[in-house]
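**Student:** Just need the whole structure built from these sequences, with the hints factored in.
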Amino acid sequence: MPLRNLKEIKAVIFDMGDTLYTMPYSVSDYHMKFLREVCGEDFVVTYEELVQAEDKAEIALYELLDEVATGPNHEINHEEWLYFDRVLLQSLGVDADIDKKSLEYQRLWNDLLTSHPNTLRLGAKEVLEDLYHRGLKLGVATNWTQSPDDLLSSSGIRHLFQSLQWTLIRGYAKPSPYMLIMNAHELGVNPIRCAFVGNKINLDVEAARRAGMQPILLSKLKEELQSENEDVLIIKDLVELLDYLE
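Sequential numbering of the sequence shown, starting at 220, is according to our numbering.
Think of the hints as simulated: they come from the structure by calculation, not from any bench.
Given the structure is predicted, the values throughout are model-derived calculations rather than measurements.
Hints should not be assumed to be uniformly reliable.
[Stated by the list, open to error] Label pairs and their in silico Cβ distance ranges: (1) Tyr463 <-> Leu331: 35 to 41 Å; (2) Leu461 <-> Lys319: 26 to 32 Å; (3) Val287 <-> Leu222: 21 to 27 Å; (4) Glu443 <-> Thr265: 24 to 30 Å; (5) Lys252 <-> Glu449: 40 to 46 Å; (6) Lys344 <-> Gly290: 26 to 32 Å.
[What the hints assert, rightly or not] In silico lysine-lysine, DSS-like type, Cα no more than 27 Å apart, as pairs: (7) Lys275 <-> Lys344; (8) Lys439 <-> Lys229; (9) Lys252 <-> Lys344; (10) Lys455 <-> Lys226.
We put the beta carbon where it would ideally sit given N, CA and C, even for glycine.
**Tutor:** Printed below as a string of structure tokens:
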């Protein structure tokens, strides 16, 4: 399916992680660092083993949330993150003092997230302001563990968005189209007149397709990905949106 006429787009919805915002650190590298701090410098694990343990812990957390969450806006609490940490550590062979080590592991992550928050991508604010002043309606749809309202406000961009959707609960989170359909409803724009900007094909592009929106992928691999994704507008920088959207 070819690209639709982008001049018909009336609203633009954005993902946050690695789209509007970037993380100032490598999650995998900090996992490795914290594992050594909690389990000792002689603790050895490969990146492949870490990825497998992360996947197992994520599945376990999602299954827990399936049981306890009563709606999309469930903020993951301390005990639920401890459960994730416990499954992760046990998957890597850590059994001794598991409760104590899980607490320490979570403390290290909390300290990191407090001292190194997500950073607004360079040039993102200017692009958003330009789109806003062109009369386009703007929204956010993000797989996030808690409301990003404060983060958006501290970045000076919250007022630009007329719709904010966030969740990490399965069935609501991307690639489900739930958040995007809610965005369209709140913005008062038919989904086929909306574009969704994200950085992951399996989550963001898929959610846009399911919602009937125009997918826009932020990726440095434009040439490699374009042939298999003819319906997707692929951009290497957010500023390129200004060339396509009126």
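**Student:** Taking the hints in turn, state whether each one holds.
**Tutor:** Here is how each hint holds up against the structure:
1. For the pair tyrosine 463 and leucine 331, the beta carbons lie near 37 Å from each other, so the given range of 35 to 41 Å is met.
2. Checked against the given bound of 26 to 32 Å, the beta carbons of leucine 461 and lysine 319, roughly 52 Å apart, lie outside it.
3. A hinted range of 21 to 27 Å for the beta carbons of valine 287 and leucine 222 is inconsistent with their spacing of about 42 Å.
4. About 27 Å separates the C-beta atoms of glutamate 443 and threonine 265, a value consistent with the hinted range of 24 to 30 Å.
5. The given range of 40 to 46 Å is respected by lysine 252 and glutamate 449, whose C-beta atoms sit roughly 42 Å from each other.
6. Taking the beta carbon of each, lysine 344 and glycine 290 are about 31 Å apart, inside 26 to 32 Å as hinted.
7. Between the alpha carbons of lysine 275 and lysine 344 the distance comes to roughly 37 Å, so the proposed pair goes past 27 Å and is violated.
8. Taking the CA atoms of lysine 439 and lysine 229, the gap is near 26 Å; set against the 27 Å cutoff, the hint holds.
9. Simply put, lysine 252 and lysine 344 have alpha-carbon atoms about 33 Å apart, too far for the 27 Å limit, and the pair is violated.
10. Of the supplied pair hints, the one linking lysine 455 and lysine 226 holds, its CA atoms being roughly 20 Å apart against a limit of 27 Å.
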